[in-house]
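Enquirer: In case you want the letters, here they are:
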Amino acid sequence: MAEFNTHILVCGGTGCKASQSDLLKANLKNRLADHGLQNEVQVLQTGCFGFCEKGPIVKIQPDNTFYVSVEPKDAIEIVDEHILKGRKVEHLLFKDPKNDKRVDDSKQMDFYKKQVRIALRNCGFINPENIDEYIGNDGYAALGTCLENYKPTEVIDLIKKSGLRGRGGGGFPTGLKWEITNKVEADQKYVVCNADEGDPGAFMDRSILEGDPHSVIEAMAICGYCIGASKGLVYIRAEYPLAIKRLKVALEQAAEYGLLGKNILGSDFNFEIEIRYGAGAFVCGEETALIHSMEGLRGEPTFKPPFPSESGYMGKPTNVNNVETFANIPPIINKGADWFASIGTEKSKGTKVFALAGKINNVGLIEVPMGITLREVIYDIGGGIKDGKEFKAVQTGGPSGGCLTKDFLDTPIDYDNLLAAGSMMGSGGMIVMDEDDCMVSIAKFYLEFTLDESCGKCTPCRIGNKRLYEILDKISQGKGTNEDLDKLRLLSQVIKDSSLCGLGQTSPNPVLSTLDHFMDEYVAHVDHHKCPAGQCKALLSYHIDEEKCTGCTLCFRNCPVGAISGEKRGPHYIDQSLCIKCGICLEKCKFDAVKIA
Amino acid sequence: MTKIKSLADLRKLKDEVQSKIKLREKGDHPENLIHIKVSMATCGIASGAKETMNYLIEELDHQGIDAIVTQTGCMGYCYAEPTIEVSIPGKEPVIYGHVNKDKALEIIEKHLKLNELVDGIIPTNYKTIED
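Line order of the protein sequences matches chains A and B.
The numbering of the first sequence is UniProt numbering, which starts it at 1 and goes up by one.
The numbering of the second sequence is UniProt numbering, which starts it at 1 and goes up by one.
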């Protein structure tokens with residue numbers, strides 16, 4: 001037969017690959033070959049389906065069956081039962097935690113019900129290493145339409161009308177950025193795609209490049225046409241090898257079809273794209289630092305203005321957009337600005353991809369319309385907090401953002417509301433925290449990250465953040481004073497106001513927002529020398545309840561420092577001067593006799 | 001690979017390559033499509049269900065009829081294999097027995113195209129747990 005009658009889609013995102021989806025794919029192919037079905041059933045690898053919690057994902061079409069947590073050994077059962085006999089493999093179907101029913105259609109799952117996929121439209125649908133599949137799903141039609149039917153300024157007007165704003169952090173209107181770069185006169189201009197993705201909790205840019213690299217290439221070419229650039233550069237961190245590989249394959253295929261190169265689609269528009277690797281510095285997500293890094297200089301920011309749109313890469317006008325922003329461009333042109341503007345809130349149009357992580361049941365990548373509430377994201381899509389614990393806060397925007405408490409659960413999420421709430425959209429990382437997380441430790445954790453990542457060029461960021469960190473460390477040791485709390489706030493404000501670039505201007509946000517929302521925890525650390533969440537080790541002590549201790553000696557035998565003593569079948573004791581607070585005794589005790597105070 | 005030289009060329013290529021992903025699109029949006037299930041248990045396979053299924057897929061594709069053909073387990077009518085279930089959106093599903101190639105073609109020509117029932121219907125007298 002000429003065409004395959006069944007398609008088995010295996011997730012080939014980094015997450016699922018780490019769970020052996022490559023081996024799974026090979027096993028499926030082998031088993032199909034054993035039954036002589038290799039010409040009837042196609043096995044292919046797609047980009048990320050987003051439901052990383054339950055990876056590896058396998059989807060079978062046209063049966064519309066969605067299998068979760070599939071292991072390589074399950075390949076035999078899938079082929080023998082599903083493919084050969086037409087019986088769904090029950091135990092691999094998703095189990096709805098609400099009623100324990102198995103669900104075979106992903107559209108019926110809470111995780112997918114509220115999602116609207118624009119930037120991720122092809123992730124989990126096409127084979128990213130095959131340009132034909134992208135073209136078959138309207139690929140490069142937007143570029144063709146622009147070149148044939150629109151003047152650059154008309155395309156810019158369309159993007160402006162759609163209301164698309166930068167998805168990388170600040171939310172600057174994309175159409176306006178293009179217009180400014182378009183208006184600057186120069187012999188050479190550049191389009192830069194920022195694929196640095198420094199936020200340690202976010203992985204949407206990586207997933208888009210892994211699952212749908214052509215949409216970024218197409219959008220960069222459209223941008224080049226609009227601003228009058230014939231060269232594009234993708235700045236991607238070297239620690240994304242799979243994304244780099246797929247991007248390279250895509251660039252080659254696009255060039256072979258003549259969709260990159262000279263006289264694209266018969267027009268007089270020329271465009272080519274090069275890849276530049278970053279070493280993984282957080283500050284290189286800032287556009288001026290990114291440009292310097294590409295030029296071979298130190299990855300350090302410079303003062304704006306001049307903005308890159310006037311003087312960027314090699315001193316030429318440069319338009320920098322983020323991966324997710326680019327991925328939104330082709331659908332806007334194909335479906336129209338009005339369609340895009342009909343999704344979202346008044347000032348934030350379209351959708352946003354969020355990376356859900358932390359203490360949440362459904363860790364993964366989701367795309368939702370702007371204006372959705374945190375409650376919907378965390379409880380409906382995310383499936384609530386792990387182990388039925390209480391929600392405490394969610395950190396949005398990574399180390400540059402702030403935490404939002406349960407008071408904000410019903411606030412519609414968009415750029416302006418998040419800013420007003422003391423956080424920011426950032427790149428869309430969402431780290432969910434529960435009752436066991438200590439907010440002082442969280443602020444300290446993020447500050448430790450910015451401390452490492454600060455380039456050191458300007459004093460407020462280099463020294464100020466270090467001093468902030470020291471104060472937080474002092475508080476978490478139980479040595480803080482009320483004066484320290486005032487100092488924290490004052491210093492944070494100074495760093496925000498006086499730092500050179502976005503990194504320093506936002507690095508105190510986790511401190512300020514935890515001070516605003518969780519002052520009681522700071523006070524508990526300072527005044528009462530207690531950590532309410534039981535995270536700050538210096539403030540904890542372990543004790544054994546004499547009444548409950550049976551003298552089984554399990555804790556005694558497992559204590560790594562020999563801090564526990566006692567007679568067999570008699571009560572045991574912990575020597576506080578020796579205890580390193582590792583918590584092993586608590587973990588090992590079968591009688592619930594070890595207590596934290 | 002030959003170069004694509006115009007938007008018209010691109011559209012032509014799109015029509016050619018679309019079939020590669022059409023099956024997935026159909027599977028994602030099955031609500032308004034004709035759905036044919038072929039019973040593929042041991043009894044069905046032994047009686048030639050595989051040939052019937054392949055024929056259905058080829059013929060529907062050849063005639064340009066949008067439909068989803070999937071396999072299903074044993075329907076219980078082992079005496080009448082191969083059996084298929086035809087569901088047209090908004091209508092009750094109909095089960096046919098002894099579906100060889102000729103019967104399959106008759107079902108396509110009459111049932112699917114003209115909405116006329118064909119001989120060989122097995123009356124269903126069971127309920128599923130979803131009913």
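If you are wondering where the hints come from, they were derived from the structure by calculation, not from laboratory data.
The beta-carbon is built from N, C-alpha and C at its ideal position, and this holds for glycine as well.
Accuracy of the hints is not assured; some may be wrong.
As the list claims (entries may be wrong) - To give a feel for the contact side, a few chain A residues facing chain B, derived at Cβ under 10 angstroms:
{"no.": "1", "residue": "Q42"}
{"no.": "2", "residue": "I126"}
{"no.": "3", "residue": "I131"}
{"no.": "4", "residue": "G136"}
Claimed, not checked - FRET-style restraints, in silico, Cβ to Cβ:
{"no.": "5", "chain 1": "A", "residue 1": "Q108", "chain 2": "B", "residue 2": "K3", "range": "39 to 45 angstroms"}
{"no.": "6", "chain 1": "A", "residue 1": "N99", "chain 2": "B", "residue 2": "E31", "range": "19 to 25 angstroms"}
{"no.": "7", "chain 1": "B", "residue 1": "A46", "chain 2": "A", "residue 2": "Q108", "range": "46 to 52 angstroms"}
{"no.": "8", "chain 1": "B", "residue 1": "H29", "chain 2": "A", "residue 2": "I580", "range": "55 to 61 angstroms"}
Enquirer: Against this structure, judge whether each hint is valid.
Expert: Evaluation of the provided hints:
With a cut of 10 angstroms, the hint placing Q42/A at the interface with chain B holds, because the nearest CB-to-CB distance is about 9 angstroms. Evaluation of the I126/A hint against chain B yields a held restraint, the C-beta minimum of about 6 angstroms falling below 10 angstroms. Evaluation of the I131/A hint against chain B yields a held restraint, the C-beta minimum of about 9 angstroms falling below 10 angstroms. Given hint, G136/A at the interface with chain B, holds; its Cβ is 4 angstroms from that chain's nearest Cβ, closer than 10 angstroms.
At about 44 angstroms, the CB distance of Q108/A to K3/B agrees with the hint of 39 to 45 angstroms. Take N99/A and E31/B: their Cβ atoms lie about 23 angstroms apart, and the range 19 to 25 angstroms holds. Against the hinted window of 46 to 52 angstroms, the Cβ-Cβ separation of A46/B and Q108/A comes to about 35 angstroms, which falls outside the hint. Our hint of 55 to 61 angstroms for H29/B and I580/A holds, since their Cβ atoms are close to 59 angstroms apart.
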